[in-house]
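Chemist: Here is how the chains run, residue by residue.
4 protein chains.
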Amino acid sequence: MGRPHTYDRPAGVIGNTRGEYRSRKGTGMRGYTDKKDAVSKRLRRIEGQVRGLERMVEEDAYCIDVLTQISAVNRALQAVALELLDDHLSHCVAEALSQDGGDPEGKIAEASAAIARLVRS
Amino acid sequence: MGRPHTYDRPAGVIGNTRGEYRSRKGTGMRGYTDKKDAVSKRLRRIEGQVRGLERMVEEDAYCIDVLTQISAVNRALQAVALELLDDHLSHCVAEALSQDGGDPEGKIAEASAAIARLVRS
Amino acid sequence: MGRPHTYDRPAGVIGNTRGEYRSRKGTGMRGYTDKKDAVSKRLRRIEGQVRGLERMVEEDAYCIDVLTQISAVNRALQAVALELLDDHLSHCVAEALSQDGGDPEGKIAEASAAIARLVRS
Amino acid sequence: MGRPHTYDRPAGVIGNTRGEYRSRKGTGMRGYTDKKDAVSKRLRRIEGQVRGLERMVEEDAYCIDVLTQISAVNRALQAVALELLDDHLSHCVAEALSQDGGDPEGKIAEASAAIARLVRS
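Residue numbers (our numbering), protein chains in the order written: chain A, 1 to 121; chain B, 1 to 121; chain C, 1 to 121; chain D, 1 to 121.
Quick caveat, the hints were computed from the structure, so don't treat them as lab data.
Be careful, since some hints might not be right.
Since the list gives no way to pick one copy over another, a pair counts as held whenever it fits inside one copy or between any two copies.
[What the hints assert, rightly or not] List time: in silico EDC-like cross-link candidates among lysine to aspartate or glutamate, alpha-carbon distance up to 16 Å:
1. 41 to 58
2. 35 to 58
3. 35 to 54
4. 36 to 86
5. 35 to 86
6. 41 to 59
7. 36 to 59
8. 35 to 59
9. 36 to 83
Using the sequences plus the hints, can you model the full thing?
Modeler: Okay, structure coming up:
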């Protein structure tokens, strides 16, 4: 593998999101672009789990079973978060290695703040 | 309300076992029955937050913003869990005070296991 | 086992701690009295782990290894907390079953608040 | 301070491998070297908090008060962990920017694993 992250976003892409403004080169490079489909799929499964929780409560499921399911959803969300974070950090380093601008140090600071929120949430 | 928890338990129910608590058609003695609507509403809101997460990823939102939102969903789920747990524990004590059977000690043991899962999730 | 918690504290005990004022009967019943030695031992081991952390930093140990050790200490502390909590909850139910006063509902409320702090810490 | 991280690395060190970072007599390139005194001081304070916990248990302190104190120690440990992690990540990026070897990608992978342990602990 040559470079860990390459993003083949078409030039002139429309539909910029807020994130792009953080990227100096305006390439909209997301750390997780490569894995977007996998992340989306996992989030849809989590959405299904939350709907399952609603159904459990609707049907008066035993409280402890609801709690067990909530713990499972939390773990699933954390797994997504950890994967996104890993991609973000790899991306920061890749950006630093590529020496083509960007703000890897600023992104590391943002990542540290996000990690703190995760650890405390 | 005089006592914090009153349950319209049919007279003559002796020695409820945990199994009964799982029955849909049972007496509906859920610790959280009183708050079912509030819990359902919060879960629907959480479902909406998860859908928001899917949309963010779809639109290539900035990774850190996705992480921040995941932390918010985790906290919201924890808040639901803590409320369910508080109701469950109050219910255990109410059951013990009422002295009419049930298995408050068994439920406390279940609750402790659920707390451990929450703390570690 | 007849009753889950009996506390053979001598009457007229001196050296009351703050906790006693919470007990209507002034028996100073601690939920964890039975397990005090085990809890003390675990805390001493945790103290040793923290000293190990200090030594690691002193000797410029690799950052990731320090983090791994911090996670281990956190888990050990959580295990102590979960055990204390389980004892406290069992004690609340025992107190409710014994019908001899006390404030099991108040203690459950305190426990719920403590659980919330643990889950969020 | 111009660059956020400068390491008095001996000239002529090429292609550091991770192994070197573990060597006590190595170059001392710890992400947290700059902050070693502050980290040591915080750990000593945490050690004191754990000893306080032992004393509380010894004196039969109220269970909930012990739990509150455990939560405080956990948060203090997490704060140390988050600071060490931030330094480690900044160090990875600085190393990548300096382009003089090292294995920033490997270190990011290690950091991600450590973050996962922290989030789950």
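Chemist: Regarding residue 35 and residue 59, is the shortest C-alpha distance of 16 Å or less found within a copy, between copies, in both, or in neither?
Modeler: between (36 Å within a copy, 13 Å between copies)
Chemist: Within a copy, between copies, both or neither: where do residue 36 and residue 86 come within 16 Å Cα-Cα?
Modeler: For residue 36 and residue 86, only the intra-copy Cα distance (14 Å) is at most 16 Å; the inter-copy one is 26 Å.
Chemist: From the Cα coordinates, with 16 Å as the cut-off, is the pair residue 36 and residue 83 best called within, between, both, or neither?
Modeler: Answer is within; shortest intra-copy Cα gap is 11 Å, inter-copy 30 Å.
Chemist: Using 16 Å as the alpha carbon limit, work out where residue 35 and residue 86 are close: within a copy, between copies, both or neither.
Modeler: Classified as within; 11 Å inside a copy, 25 Å across copies.
Chemist: Cα distance capped at 16 Å. Does residue 35 pair with residue 54 within a copy, between copies, both, or neither?
Modeler: Intra 29 Å, inter 13 Å, cutoff 16 Å: inter-copy only.
Chemist: Measure nothing new, just compare the shortest in-copy and cross-copy C-alpha distances for residue 35 and residue 58 to 16 Å and report within, between, both or neither.
Modeler: between (35 Å within a copy, 11 Å between copies)
Chemist: Given a CA cutoff of 16 Å, do residue 36 and residue 59 count as a within-copy pair, a between-copy pair, both, or neither?
Modeler: between (35 Å within a copy, 10 Å between copies)
Chemist: With identical chains, the pair residue 41 and residue 59 could be close in the same copy or across copies; at 16 Å between alpha carbons, which is it: within, between, both, or neither?
Modeler: Between copies only: 14 Å across, 27 Å inside.
Chemist: Within, between, both or neither: how does the pair residue 41, residue 58 come out at a Cα-Cα threshold of 16 Å?
Modeler: between (26 Å within a copy, 11 Å between copies)
Every hint from the earlier list agrees with this structure, and none is contradicted.
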